[in-house]
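Colleague: Just so you know, the protein sequences line up as chains F and R, in that order. Going by our numbering, the letters in the first sequence line up with residues 1 to 281, in that order. Going by our numbering, the letters in the second sequence line up with residues 1 to 264, in that order.
Hints may be right or wrong, so weigh each one.
Quick list of in silico lysine-lysine cross-link-like pairs, DSS-like style, CA-CA up to 30 Å [unchecked claim]:
hint, chain 1, residue 1, chain 2, residue 2
1, F, Lys133, R, Lys143
2, R, Lys143, F, Lys35
3, R, Lys142, F, Lys133
If you want the footprint, here are the derived chain F segments under chain R, 3+ residues with CB under 8 Å [to be verified]:
hint, stretch
4, 65 to 74
5, 104 to 111
6, 151 to 161
Calculated from the structure, these hints are not laboratory results. As the structure is a prediction and not an experimental result, all values here were calculated from the model. From the three backbone atoms N, C-alpha and C, an ideal C-beta is built for every residue, glycine too.
Okay, here's what each chain looks like letter by letter:
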Amino acid sequence: MAAPIVPSQQPTTQQADPSTDAVVFENVSIAFEEKVVLDGVSFRLPAGETKALFGVAGSGKSTILKMALGLLRPDSGRIFVLGEEATSLTEEQLFGIRRRVGIVFQESALFDSLNVRDNVAFRLMEEHISGEKIEQRVLESLRFVELEHTVDRLPSELSGGMRRRVAIARAIITQPEVILYDSPTGGLDPVTSNTIVELIVKQRDVYHTSALMVTHRLQDAFTMATHCFDKTTNKMVPLPKGQHSEVPMSFLLLRDGKVIFDGDARELVNSRDPYIREYIS
Amino acid sequence: MALELELVSPFEIAKDLVLAVQEYTLLAARSISNFFRRPLYMGDMLQQADLIGVGSLPIVVLTGVSIGALLALNSASTLQRFGGITLIGQLVSIGMVTELGPLITGLMVAGRNASGMASELGSMIVTEQIDAMRALGTDPSKKLVTPRVAATSFMLFFLTIISDLLGLVGGNLVASLLFGLDSRQYWTSAWQILIFRDVFMGLVKPVLFGFIISTVGCYYGMSTRGGTQGVGRSTTQAVVASSVLILIVDFFVTKLIFALFGVR
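Work the whole structure out from these sequences, hints included.
Modeller: So this is what it looks like as structure tokens:
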């Protein structure tokens with residue numbers, strides 16, 4: 001039997017509970033210079049789940065991430081992050097939420113005048129943690145992304161994939177409850193992309209971190225939906241058929257500023273919406 | 001290829017201008033209010049003081065000596081006609097301390113540092129580093145703007161004193177080597193002509209100019225849009241705007257201090 005089709009343009013936040021969900025968007029709209037980018041977008045990210053955001057270029061995927069962090073304010077609607085209404089907070093109050101959320105920017109956005117150590121340790125240094133502890137946690141974080149040997153290098157001395165991994169190390173150093181990934185595999189070769197996907201899966205399955213991931217690469221999201229991280233072998237392994245639904249992974253597709261699909265991998269592949277079928281084909 | 005010209009209404013231009021003034025005012029006000037809110041980035045302030053103050057020293061030394069020497073050279077030919085060559089010290093002293101020292105130092109530092117701040121912060125904006133900083137829970141206004149404002153205002157004060165002194169030295173060199181004036185006479189007249197008002201004016205101006213240079217540089221940097229081309233545009237605008245503002249403020253501050261001290 002085919003999986004139920006999620007009707008187009010229907011918000012799926014009926015069961016949204018801002019107090020327990022990691023991120024909740026309620027009827028959020030934003031326009032830039034009269035161009036509507038998001039129009040009444042609603043969705044929820046339950047705690048521990050990773051949601052992949054899809055859509056053509058300019059469909060507002062990165063805007064969603066920036067709004068979740070309060071870097072952009074919506075024109076209307078409400079956004080809840082970790083139980084707090086981000087849209088009602090001042091910039092000063094938002095810093096409290098931002099300390100609980102990590103983000104990996106599309107172009108990494110590493111501080112180019114700081115070396116890898118200082119980039120990864122930036123948040124800890126701002127919190128005036130002792131130098132010894134900082135060093136220990138920086139190395140732990142860099143070990144997670146397998147880049148301990150780059151601590152003294154400047155971002156300009158790293159490859160694109162390494163910069164992306166350093167950005168991941170910077171995002172996870174405080175073990176945030178939510179991580180936002182903006183095209184983490186964009187522009188990377190398949191081998192490096194796979195390494196990044198493995199790190200995201202590791203973060204999801206080992207630390208149970210909630211995540212919103214913007215991507216253009218469907219295969220990355222499907223890999224995440226069909227694999228889990230095996231702690232014993234320290235590798236990402238495929239799940240046996242029939243167990244795919246056990247992975248906390250969902251998909252959200254945007255079109256013309258609206259959510260046209262929000263569901264899991266099975267629902268996505270079984271969708272009969274012509275646009276979705278064309279998109280995933 | 002047809003050239004398309006986009007006409008912008010005067011109303012839109014005026015609206016953009018008012019918005020820019022509002023945003024600049026907010027940035028400038030926040031840069032001051034940040035002094036009263038934790039955290040205070042003392043390390044960044046010291047680093048900026050070194051970059052701005054010590055880094056600008058060579059150019060300030062060079063222009064200070066040159067301006068003092070030129071002032072002495074140009075005024076000497078006129079003073080000689082009236083037999084007043086002994087007044088060179090007074091003229092250079094008043095000129096350097098009240099006007100040329102602060103103004104030339106301000107313009108030099110504006111050219112060097114307003115552009116540097118605009119391009120540095122502008123590059124950080126276009127590469128999302130400012131967004132990353134906000135995302136990491138750090139206020140860029142506190143971390144980047146306030147240290148630059150504090151360092152520029154503080155260091156320009158001392159750079160101006162150095163420039164004034166070297167201008168007097170340059171004037172002395174010209175007066176003694178070219179016009180045979182006794183150095184002791186030069187320094188005595190240069191010292192004695194100065195009154196509290198002149199010194200006060202000469203020391204208030206660099207603090208204000210430093211504030212203008214840093215806030216304008218940071219404003220253009222933080223409002224950069226449009227990639228590397230935008231960075232270049234911000235850099236140019238920062239130098240032009242800070243230089244023009246310095247000249248305008250200089251006039252009004254001089255007028256105000258004259259009024260305060262009862263000079264018409």
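Colleague: Given the hint that R:Lys143 pairs with F:Lys35, test it: the Cα-Cα distance must not exceed 30 Å.
Modeller: Outside the cut-off at roughly 33 Å; violated.
Colleague: Run the distance test for F:Lys133 versus R:Lys143: straight-line Cα separation, threshold 30 Å.
Modeller: 23 Å, holds
Colleague: Mind checking, does the stretch 65 to 74 of chain F have 3 or more residues with a CB under 8 Å from chain R?
Modeller: Three-residue rule met by the stretch 65 to 74 of chain F, so holds; n is 3.
Colleague: Confirm or reject the coverage of the stretch 104 to 111 of chain F by chain R under the rule of 3 or more residues with a beta carbon closer than 8 Å to the chain's beta carbons.
Modeller: holds (count 6)
Colleague: Taking 30 Å as the top limit, are the C-alpha atoms of R:Lys142 and F:Lys133 close enough?
Modeller: With a Cα-Cα distance of about 25 Å, the restraint between R:Lys142 and F:Lys133 holds, given a limit of 30 Å.
Colleague: Using a Cβ cutoff of 8 Å, are there at least 3 residues of the stretch 151 to 161 of chain F near chain R, or does the coverage claim fail?
Modeller: violated (count 0)
In this structure, the earlier hints numbered 2, 6 are contradicted, and the remaining ones agree with it.
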